[in-house]
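Novice: Chains as they are written, first to last, in our numbering: chain A, 1 to 478; chain B, 1001 to 1268; chain C, 2001 to 2434.
None of these hints come from the bench; they were simulated from the model. Do not rely on the hints blindly, as some may be mistaken.
Taking lysine to aspartate or glutamate pairs in the DMTMM-like style, the calculated list, with each CA pair at most 25 Å apart, reads [to be verified]:
hint: 1; chain 1: B; residue 1: K1135; chain 2: B; residue 2: E1077
hint: 2; chain 1: A; residue 1: K451; chain 2: C; residue 2: D2367
hint: 3; chain 1: C; residue 1: K2328; chain 2: A; residue 2: E417
hint: 4; chain 1: C; residue 1: K2369; chain 2: A; residue 2: D395
hint: 5; chain 1: B; residue 1: K1173; chain 2: B; residue 2: E1023
hint: 6; chain 1: C; residue 1: K2352; chain 2: A; residue 2: D395
hint: 7; chain 1: A; residue 1: K343; chain 2: A; residue 2: E63
hint: 8; chain 1: A; residue 1: K71; chain 2: C; residue 2: D2380
hint: 9; chain 1: C; residue 1: K2304; chain 2: C; residue 2: E2136
hint: 10; chain 1: B; residue 1: K1173; chain 2: A; residue 2: E63
hint: 11; chain 1: A; residue 1: K74; chain 2: C; residue 2: E2136
hint: 12; chain 1: A; residue 1: K451; chain 2: A; residue 2: E63
hint: 13; chain 1: A; residue 1: K467; chain 2: A; residue 2: E439
hint: 14; chain 1: A; residue 1: K61; chain 2: C; residue 2: D2051
Quantities reported herein were computed from a predicted structural model and do not represent experimental measurements.
Chain by chain, the residues run as shown.
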Amino acid sequence: MSSILQNLVNQPYQHGFVTDIEADIAPKGLSEDTIRLISAKKNEPEWLLELRLKAYRHWLKMEEPQWPNVKYPKIDFQAISYYSAPKKKKTLASMDEVDPELLRTFEKLGVPMNERAKLAGVAVDVIFDSVSVATTYKAKLAEVGIIFCSISEAVQEHPELVRKYLGSVVPVGDNYYAALNSAVFTDGSFCFIPKGVKCPMDLSTYFRINTENSGQFERTLIVAEEGASVSYLEGCTAPKFDTNQLHAAVVELIALDNADIKYSTVQNWYAGDENGLGGIFNFVTKRGLCKGVNSRISWTQVETGSAITWKYPSCVLRGDNSVGEFYSVALTNHRQQADTGTKMIHIGKNTRSTIVSKGISAGHSNNSYRGLVRIAPVATGARNYSRCDSMLIGDQCSANTFPYIQVNNPGATVEHEASTSKIGEDQLFYFAQRGVGAEEAVSMIINGFCKDVFQQLPMEFAVEATKLLGLKLEGSVG
Amino acid sequence: MIYQDSRTLLAVRDLRATVNGIEILKGIELTVKSGEVHAIMGPNGSGKSTFAKVLAGHPAYVVTGGEVAFDGGPLLELQPEERSRRGIFLGFQYPIEIPGVANSQFLRLAYNTLQVQRGKDELDPLEFDDFVREKMKLLEMNPDFLDRSVNEGFSGGEKKRNEILQMSLLDPKLAILDETDSGLDIDALRVVATGVNHLATRDNAIILVTHYQRLLNYITPDFVHVMDSGRIVKTGGKELALELEARGYEWVGAETSASAAANAGAAR
Amino acid sequence: MTEAGTGNYLDSLMRGQAPLQAASASPLWLKQLRARAVERVASLTLPNTRDEDWRFTDLLPLTQLSWRPVQGAALISPQELERCALPEAAARLVFVDGRYAPQHSFNHAGLTVENLPAGMTAQGAIVEAELARHAEFEHDAFAALNTAFLQDAALIIAPRNAVLEAPVQVLFVSTQQETASYPRCLVIAQEGSELTLVEEFVALHQGAGFSSAVTEMALADNARVRHVRVQNDSTAAFHIASCAVSLAKASRYQAVSVALGARLSRYNLSVLLAEAGAECSIDGLALIGGRQLADSHTLIDHAKPHGISRQLHKCIVDGAAHAVFNGKIMVRPGAQRTDSSQSSRNLLLSGKARVDTKPQLEIFADDVKCAHGATVGQLDADEVFYLRSRGLSDAAARKLLTYAFGAEVIERIAIASLRARLERAVQAQTGEAS
Chain A
1 MSSILQNLVN
11 QPYQHGFVTD
21 IEADIAPKGL
31 SEDTIRLISA
41 KKNEPEWLLE
51 LRLKAYRHWL
61 KMEEPQWPNV
71 KYPKIDFQAI
81 SYYSAPKKKK
91 TLASMDEVDP
101 ELLRTFEKLG
111 VPMNERAKLA
121 GVAVDVIFDS
131 VSVATTYKAK
141 LAEVGIIFCS
151 ISEAVQEHPE
161 LVRKYLGSVV
171 PVGDNYYAAL
181 NSAVFTDGSF
191 CFIPKGVKCP
201 MDLSTYFRIN
211 TENSGQFERT
221 LIVAEEGASV
231 SYLEGCTAPK
241 FDTNQLHAAV
251 VELIALDNAD
261 IKYSTVQNWY
271 AGDENGLGGI
281 FNFVTKRGLC
291 KGVNSRISWT
301 QVETGSAITW
311 KYPSCVLRGD
321 NSVGEFYSVA
331 LTNHRQQADT
341 GTKMIHIGKN
351 TRSTIVSKGI
361 SAGHSNNSYR
371 GLVRIAPVAT
381 GARNYSRCDS
391 MLIGDQCSAN
401 TFPYIQVNNP
411 GATVEHEAST
421 SKIGEDQLFY
431 FAQRGVGAEE
441 AVSMIINGFC
451 KDVFQQLPME
461 FAVEATKLLG
471 LKLEGSVG
Chain B
1001 MIYQDSRTLL
1011 AVRDLRATVN
1021 GIEILKGIEL
1031 TVKSGEVHAI
1041 MGPNGSGKST
1051 FAKVLAGHPA
1061 YVVTGGEVAF
1071 DGGPLLELQP
1081 EERSRRGIFL
1091 GFQYPIEIPG
1101 VANSQFLRLA
1111 YNTLQVQRGK
1121 DELDPLEFDD
1131 FVREKMKLLE
1141 MNPDFLDRSV
1151 NEGFSGGEKK
1161 RNEILQMSLL
1171 DPKLAILDET
1181 DSGLDIDALR
1191 VVATGVNHLA
1201 TRDNAIILVT
1211 HYQRLLNYIT
1221 PDFVHVMDSG
1231 RIVKTGGKEL
1241 ALELEARGYE
1251 WVGAETSASA
1261 AANAGAAR
Chain C
2001 MTEAGTGNYL
2011 DSLMRGQAPL
2021 QAASASPLWL
2031 KQLRARAVER
2041 VASLTLPNTR
2051 DEDWRFTDLL
2061 PLTQLSWRPV
2071 QGAALISPQE
2081 LERCALPEAA
2091 ARLVFVDGRY
2101 APQHSFNHAG
2111 LTVENLPAGM
2121 TAQGAIVEAE
2131 LARHAEFEHD
2141 AFAALNTAFL
2151 QDAALIIAPR
2161 NAVLEAPVQV
2171 LFVSTQQETA
2181 SYPRCLVIAQ
2191 EGSELTLVEE
2201 FVALHQGAGF
2211 SSAVTEMALA
2221 DNARVRHVRV
2231 QNDSTAAFHI
2241 ASCAVSLAKA
2251 SRYQAVSVAL
2261 GARLSRYNLS
2271 VLLAEAGAEC
2281 SIDGLALIGG
2291 RQLADSHTLI
2301 DHAKPHGISR
2311 QLHKCIVDGA
2321 AHAVFNGKIM
2331 VRPGAQRTDS
2341 SQSSRNLLLS
2351 GKARVDTKPQ
2361 LEIFADDVKC
2371 AHGATVGQLD
2381 ADEVFYLRSR
2391 GLSDAAARKL
2401 LTYAFGAEVI
2411 ERIAIASLRA
2421 RLERAVQAQT
2431 GEAS
């Protein structure tokens, strides 16, 4: 790899600072007592504690999955603290009472916690370590019947809704990390869009891990009732530590008849240094259920951070004519490892799904697409189109594609295409010969490569994602 | 055309270059003046394409000796993009495919980069669109090709037309066209040649690197050079190309090795 | 596959086979090889659906059956031989229930085409250098079984620069129900040689049977081998086979494999492009119905630069049949300028038919061109309509289009008589389909 490429991929992580704030941290270790402690701290009803304990007992019997194409040292689940919350003096009456240190933290990260902030039009729920610290525009959204709050609050205020839907898409024993999350989740966002309501603004959650040796286990639940629609954004950052932090989140989406949920993520957890020291282990279960007819769930993700990413945002297309989409850019550099993709489970008739995955590997990284398209025997008329492209920058990285296609119905059509391309000396020389420098050439090639995915992102996110990829690749091309 | 008042654009003295440690260019001498059209011919592996790439600054080649002056200044120390911006254009033998980058986007970026360099205003997408469509007419190009990715899925002819379109946009002082005729059918060859002839002026110069004489039926060279084993071994007028077509390259090689042997004999 | 102790199905297979005759005549290295294989069989177990490589192919039905030793002479009738013989063949080796049948075999090829024990007397050193060097049995229970029983086997050696246009046919015939056999074939193509191998597996009965076949091919620099493999076992049989091919510099391997028979078939084809500039094209067709399962696992392993690989795999699945395809393309570090493309095309003809396909790429080099694609679907409605508008019945239109779908692979076979035979087989089977 030539020096221009080298320089282009090596930009220091910009969100790596630690906020000095007093936190209420539970002792390290996991047991039924830890779970009871979390549940008690959050003043949870008995049924939720039961759900947690059921998940925990399930988890004890499960084995860590070995099939992902990633390597990491064994995680000591007893060395993790399962609860960390910034200490607050009293219940907040308004945003002005948020700890100024926290406000500064999020200002630095560019997250508008202040409702008078310039970036209006987006309601934000902010999760710091394990706890939601603020939610903006709550009152305004409530006027149209939308509930947008932290999940802890939802448990207190809307227990019937939470109880009805929590764990209905990702059961407590679904997989190793989902079970762990179900046992110990501390906070996350809850959105409920009632029948017929089109959410007037994008909803957003910003996740921040701050404490070393703490895990982040957030839980997000989004329900769109009949005819409702919502666009939801998620952003993630963490400070630089030499140790690894575990992030095992669960996101459940439920779309009833004619409902539409769009879920966008820009994931930029700390990825570790160029030698692979530190970084987040990002083991996430995201699944949407298109429960109703004509419903639609669309996942868009730009994955640039984390030492290890293990994540398959999926759609279960149960309602007839429902639509599932997955648009993904996954960039790995240095020693990062990503095993990410999607599952599209076609059950309803005439269900359709689209998968567009763009993997970019640089440095010594390892980037795998893993996807499943399953057409059930009853899913007559189902269609899937998948396109998985890989781009390699340098000859020390790898790009893998593992598409599983399982078709059980002769009336279905499934198409999968994959290709590889590169940014190498010849491409850059061609640009240079036409007077265009390497940085501009790389940015143009990368944006062209990712275009189909970026088009799916809300405007500001698309701009941010483009910038982020540029920063991430700085130093790796040439 | 050879003009009396022309100035020297390119002066190559004893140029030597290697790739992966193997010497390919073994002392090239060449002078090109404004207004001239030069053809460099030679058998496969004689170093023609290498010479073209070395002039454009391809990073895979290491210059190990000699000097090159371009437009009055030293060339070899410049980065490839600086050479381009000073007016060297290489028409690629195998134009690179760049999936995802629209041709219009690429052409505009290249054009505007040069405009800035020349202290002129950049064109916005609409202005540029009008401008480039005019240029495309000359090359009988279908406008839909602006929206396609750079060279991706282009036929051989489309790729070469795209190269000449770029040449017309960048208006270089020296255009080096590497095997521009390869892979072209007779119609495409005529269109490409017409484009090149149209772009040749008193102030610029063209070097055609080609294996066959065919292209020279359409673009008349002032000088024909024969390359063999990394050197220019024979120079003549356009009639030399016809002779090569009729007799092949072996006789030139035989002639030069015979004269080299004679020289060696004389030296002894 | 997990390691396990005794008492598993593999042991019963080991016990079920008659002891090797004349094994004492084998050279020491071969005895040692068998002994190593016997050891491996003892410590391996049958794979199950928890093994990623066997996820969709459940061997449980196999474990409920047992096999009796083969008896009597290795003979078939002239009519039976006539049905499978290739008139174009320059040489033929016939194995009946795993045993060499010299009276049915001949050799006008001018190459070594012999039963292994006979061939070894003259070519011992060459055989020793290649046999069991390509099809590893360390972790593969079926290859280990085959190697443990290694006795009669097809041996083909093309010496340096020998070019044979006419095909060499190797015919493995099963005549006795409820027996197990272990077909084996070794092809050594020395520098610059060229040959065509047709391997056929046929059953002359409709009963159950088990075969575990292993084929190995070593192609030296600039060698070229065309390989046609036809599996037409009994529809009650279990057919597990692997073929390992190793390609030296600028050698070329072209294969077409067709799976028609067996209740459960599994074919593992792995091609190692071990040196620069090697090329392979491997095509496959599975045409199955009823309750058949046809599983094809292929690996194209680009280990060195400038390799080219092409693959087209097609499945036509009717009834409640199940086709499995797993095609892995590996581009190892440093295998620059690799050019690889792979396509998996699947046609489902009935509501109970099922296909699981997984074309996968693993790429560790940046300057490569790799593409793969997979489709699953039914016949194109527009094409059916077009034919009907020209007066064909719906059934005839579908039959024709299904036939054309399969013919794309069969057309790649260069031997006219075999192509005609296979085309008839496809027609017969698609005729039932419509």
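Novice: Could you work out which earlier hints the structure fails to respect and list their numbers in ascending sequence?
Specialist: When the structure is compared with the hints, numbers 1, 5, 6, 8, 10, 11, 12 turn out to be violated.
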